[in-house]
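Each chain, written out:
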Amino acid sequence: MVRTAATDIPRPVSQWPPGVPDRTPLAEPSDAELIGASLDRPDDFAGVFDRHADEIHAYVGRRLGPEHADDVTAETFLLAFRKRHRYDPARPDARPWLYGIASRLISGHRRSEMRRLKAFARAANREERPPGGDAYDEERTAERASAAAMRPALAAALARLSAAERELLLLIAWADLTYEEAAEALGVPVGTVRSRLHRIRAKLRRHLHLPEEGTP
Amino acid sequence: MNDEIRMIARERPEAPPYSLAARAAARRRLTGDGPRGHGLFGRDVLRAVSRRPYGLAIGGAALVAAAAVTVVTVMPNGTATGPVAQPASEQPPSARLPAAPLPSAQGDGASGEAGGGPEVVVALPKIAKVSAEEVLGRAARAATDLNPRDDQFIKVSSQTMYGAFSIGATDPDTGEASEESRYLYRTKRTIWLSADGTRDGALKVENLAPRAYPGWPIPEDAYREKGTWWASLPVCDGATRDTAYTSLRRLPTDAEGMRDYLYSRERGDNPPDVGAWTAVGDLLRETYLPAAQRAALFKAAATIPGVTVTQDAQDAAGRRGIGVGRVSSGVREDIIFDPKTYELLGERGVVVNEKAARSPVGSLVASTAQLEVTVADSAPEVDDPTSECANGG
Chain A
4 MVRTAATDIP RPVSQWPPGV PDRTPLAEPS DAELIGASLD RPDDFAGVFD RHADEIHAYV
64 GRRLGPEHAD DVTAETFLLA FRKRHRYDPA RPDARPWLYG IASRLISGHR RSEMRRLKAF
124 ARAANREERP PGGDAYDEER TAERASAAAM RPALAAALAR LSAAERELLL LIAWADLTYE
184 EAAEALGVPV GTVRSRLHRI RAKLRRHLHL PEEGTP
Chain B
19 MNDEIRMIAR ERPEAPPYSL AARAAARRRL TGDGPRGHGL FGRDVLRAVS RRPYGLAIGG
79 AALVAAAAVT VVTVMPNGTA TGPVAQPASE QPPSARLPAA PLPSAQGDGA SGEAGGGPEV
139 VVALPKIAKV SAEEVLGRAA RAATDLNPRD DQFIKVSSQT MYGAFSIGAT DPDTGEASEE
199 SRYLYRTKRT IWLSADGTRD GALKVENLAP RAYPGWPIPE DAYREKGTWW ASLPVCDGAT
259 RDTAYTSLRR LPTDAEGMRD YLYSRERGDN PPDVGAWTAV GDLLRETYLP AAQRAALFKA
319 AATIPGVTVT QDAQDAAGRR GIGVGRVSSG VREDIIFDPK TYELLGERGV VVNEKAARSP
379 VGSLVASTAQ LEVTVADSAP EVDDPTSECA NGG
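Going line by line, the protein sequences match chains A and B.
According to the working numbering, the residues represented by the first sequence are 4 to 219, in order.
According to the working numbering, the residues represented by the second sequence are 19 to 411, in order.
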């Protein structure tokens with residue numbers, strides 16, 4: 004019943020990672036390879052989930068709060084799974100694709116996001132942490148941050164951006180995507196990303212009453 | 019250059035925790051398109067448990083009553099130092115409880131959470147034989163991160179069965195001479211531990227019916243610990259636990275550095291490899307090791323001489339996984355991973371040497387299941403007048 008394999012036995016043929024020489028435990032398939040394999044073996048798609056679910060969940064949670072994070076994350080991967088045959092195998096990293104799907108789902112919760120941002124923005128006027136409401140828990144984080152006083156102003160500034168602007172900005176700022184990855188996620192040329200970001204930064208400076216660009 | 023963007027980036031709100039149950043449910047939707055896909059692979063047990071966190075005690079008014087009069091003494095030094103070491107916070111209480119009838123551990127047929135209940139029938143996926151190094155490498159890649167804030171608490175719910183050992187001696191309390199005895203004590207535990215170690219934690223323990231240590235009669239003592247008890251886990255000045263989240267976060271993130279750390283930890287009289295392996299369990303059990311350190315730990319663990327892989331290891335909740343273990347005192351101590359995601363399921367101890375373990379080969383002498391690990395904003399306040407720091411006087 005109990006079988007024990009010693010560490011030094013010859014390494015048997017592994018079924019995982021699929022299609023990859025079993026050289027070292029660190030040799031792992033790219034997302035594109037996993038997605039490709041999942042066309043024949045749907046269960047392999049779970050590998051994409053294992054790799055990125057936490058990151059997507061964190062991003063959704065940051066934008067919409069804990070009440071939507073679980074559902075939107077689950078929905079993101081389900082949609083990705085259904086659309087996997089259209090995934091471009093030339094892109095090894097699936098993060099931009101997944102963030103793109105998540106972004107579109109998040110945009111369906113715009114009112115929740117605005118409520119959340121406005122709650123942050125209002126926080127400045129409150130002495131005490133108001134009772135209840137998950138969003139207010141974030142205030143404690145704000146207290147830790149050195150720029151605590153800036154936070155409500157930042158939230159207000161975010162709320163004043165258009166949905167598309169916010170989407171792009173937060174993919175860069177909160178999801179840590181590069182310009183190229185953000186362009187891929189949103190399905191726009193990278194030049195568009197650059198020019199949009201330029202406009203977004205100008206708006207932020209205006210709303211945050213920061214000096215114009217070029218001022219030391 | 020992009021100061022405005024950096025400013026937004028710096029103040030990103032904290033991400034909410036992704037509970038293992040919600041994560042497992044989302045994952046299952048991907049692989050479970052039909053009835054077959056809903057196969058009871060372990061996680062359903064998890065879901066059942068998280069829906070009814072205290073399922074076993076529900077309706078057990080006797081337990082609640084018992085808790086109110088429980089007197090708990092957390093002893094500075096535990097007596098149950100078995101083959102599977104316990105965390106320092108886990109010393110069994112020398113509780114003197116009024117005899118309260120325990121509700122019998124009845125499973126409802128749909129879950130295996132009650133140790134005495136029916137086992138969950140699981141369809142095991144085919145697993146290729148793999149080396150310890152490979153399993154540990156895969157586990158490292160499955161590492162997730164809860165990102166608790168310093169002011170939050172790591173909350174871990176688990177079910178445990180460990181050996182309780184008593185050497186023949188005279189009880190200092192009663193003056194009674196006792197024979198050497200062994201039994202397996204079983205509990206459901208929930209622990210709240212301050213992420214940065216600066217806040218008092220809490221521990222809730224529900225005692226379950228004891229079992230015989232294979233080859234040993236159950237001593238009368240085994241039935242003394244009944245009901246539910248709470249303990250405060252006070253902060254002792256200047257002594258942040260080395261398994262506090264913020265301490266763990268500072269551990270090396272490379273396998274080599276982590277290996278050095280494992281071998282540098284206090285190991286008592288144990289040989290270095292045993293000590294290092296014990297340290298692996300201690301860093302995982304009722305803690306939350308950040309993803310980077312967890313990855314490093316798994317890789318480092320694979321380098322400890324004697325580490326083995328056992329297919330089809332079952333945890334205390336009936337979930338099956340791959341056991342990665344090492345033999346100590348005739349008992350192979352397995353850390354059990356989910357065979358698909360390599361999340362930590364639990365631990366077990368299996369006798370592999372009758373003479374050394376003084377129990378028949380194949381006996382299960384330890385079995386735990388880490389049922390849920392989440393982040394909580396606060397720990398329950400425990401009215402526990404007996405809790406004080408070790409060496410507090």
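Derived from the structure by calculation, the hints contain no laboratory data.
If you're wondering where the values come from, they're calculated on a predicted model, not measured in any experiment.
A hint or two may mislead.
[Unchecked claim] Label-pair ranges, simulated between beta-carbon atoms: (1) R44/A x R28/B: 51 to 61 angstroms; (2) R283/B x R114/A: 48 to 58 angstroms; (3) D21/B x P95/A: 45 to 55 angstroms; (4) R197/A x R28/B: 19 to 29 angstroms.
[Unchecked claim] Here chain A is said to cover these stretches of chain B; the calculated rule only asks that three of the stretch's residues, wherever they fall, bring their Cβ under 8 angstroms from a Cβ of chain A: (5) 37–46; (6) 272–278.
[As the list claims (entries may be wrong)] In silico SDA-like links for lysine to any residue, alpha-carbon gap of 20 angstroms or less: (7) K121/A x P270/B; (8) K121/A x R209/A; (9) K121/A x F84/A; (10) K86/A x A182/B; (11) K121/A x M25/B; (12) K222/B x D401/B; (13) K206/A x R46/B; (14) K121/A x A27/B; (15) K121/A x G190/A; (16) K373/B x V292/B; (17) K121/A x E399/B; (18) K222/B x I23/B; (19) K206/A x M25/B; (20) K121/A x L164/A; (21) K121/A x R47/B; (22) K373/B x K222/B; (23) K86/A x R45/B; (24) K86/A x R125/A; (25) K121/A x A167/A; (26) K373/B x P252/B; (27) K206/A x A230/B; (28) K373/B x A182/B; (29) K222/B x R24/B; (30) K206/A x V292/B; (31) K86/A x G39/A; (32) K206/A x A27/B; (33) K86/A x K121/A; (34) K222/B x P252/B; (35) K206/A x R24/B; (36) K206/A x R30/B; (37) K86/A x I23/B; (38) K86/A x L42/A.
All C-beta atoms, glycine included, are put in the ideal place defined by N, C-alpha and C.
We went through each hint and held it up to the structure:
no.: 1; hint: R44/A x R28/B: 51 to 61 angstroms; result: violated, 42 angstroms
no.: 2; hint: R283/B x R114/A: 48 to 58 angstroms; result: holds, 52 angstroms
no.: 3; hint: D21/B x P95/A: 45 to 55 angstroms; result: violated, 32 angstroms
no.: 4; hint: R197/A x R28/B: 19 to 29 angstroms; result: holds, 22 angstroms
no.: 5; hint: 37–46; result: holds (count 6)
no.: 6; hint: 272–278; result: violated (count 0)
no.: 7; hint: K121/A x P270/B; result: violated, 40 angstroms
no.: 8; hint: K121/A x R209/A; result: holds, 18 angstroms
no.: 9; hint: K121/A x F84/A; result: violated, 34 angstroms
no.: 10; hint: K86/A x A182/B; result: violated, 54 angstroms
no.: 11; hint: K121/A x M25/B; result: holds, 18 angstroms
no.: 12; hint: K222/B x D401/B; result: holds, 12 angstroms
no.: 13; hint: K206/A x R46/B; result: violated, 43 angstroms
no.: 14; hint: K121/A x A27/B; result: holds, 18 angstroms
no.: 15; hint: K121/A x G190/A; result: violated, 29 angstroms
no.: 16; hint: K373/B x V292/B; result: holds, 19 angstroms
no.: 17; hint: K121/A x E399/B; result: violated, 33 angstroms
no.: 18; hint: K222/B x I23/B; result: violated, 45 angstroms
no.: 19; hint: K206/A x M25/B; result: holds, 14 angstroms
no.: 20; hint: K121/A x L164/A; result: holds, 13 angstroms
no.: 21; hint: K121/A x R47/B; result: violated, 34 angstroms
no.: 22; hint: K373/B x K222/B; result: violated, 36 angstroms
no.: 23; hint: K86/A x R45/B; result: holds, 16 angstroms
no.: 24; hint: K86/A x R125/A; result: violated, 40 angstroms
no.: 25; hint: K121/A x A167/A; result: holds, 18 angstroms
no.: 26; hint: K373/B x P252/B; result: violated, 41 angstroms
no.: 27; hint: K206/A x A230/B; result: violated, 71 angstroms
no.: 28; hint: K373/B x A182/B; result: holds, 19 angstroms
no.: 29; hint: K222/B x R24/B; result: violated, 43 angstroms
no.: 30; hint: K206/A x V292/B; result: violated, 60 angstroms
no.: 31; hint: K86/A x G39/A; result: holds, 12 angstroms
no.: 32; hint: K206/A x A27/B; result: holds, 16 angstroms
no.: 33; hint: K86/A x K121/A; result: violated, 35 angstroms
no.: 34; hint: K222/B x P252/B; result: holds, 14 angstroms
no.: 35; hint: K206/A x R24/B; result: holds, 15 angstroms
no.: 36; hint: K206/A x R30/B; result: holds, 19 angstroms
no.: 37; hint: K86/A x I23/B; result: violated, 32 angstroms
no.: 38; hint: K86/A x L42/A; result: holds, 10 angstroms
Checked against the numbered hints given earlier, this structure breaks hints 1, 3, 6, 7, 9, 10, 13, 15, 17, 18, 21, 22, 24, 26, 27, 29, 30, 33 and 37; the rest are met.
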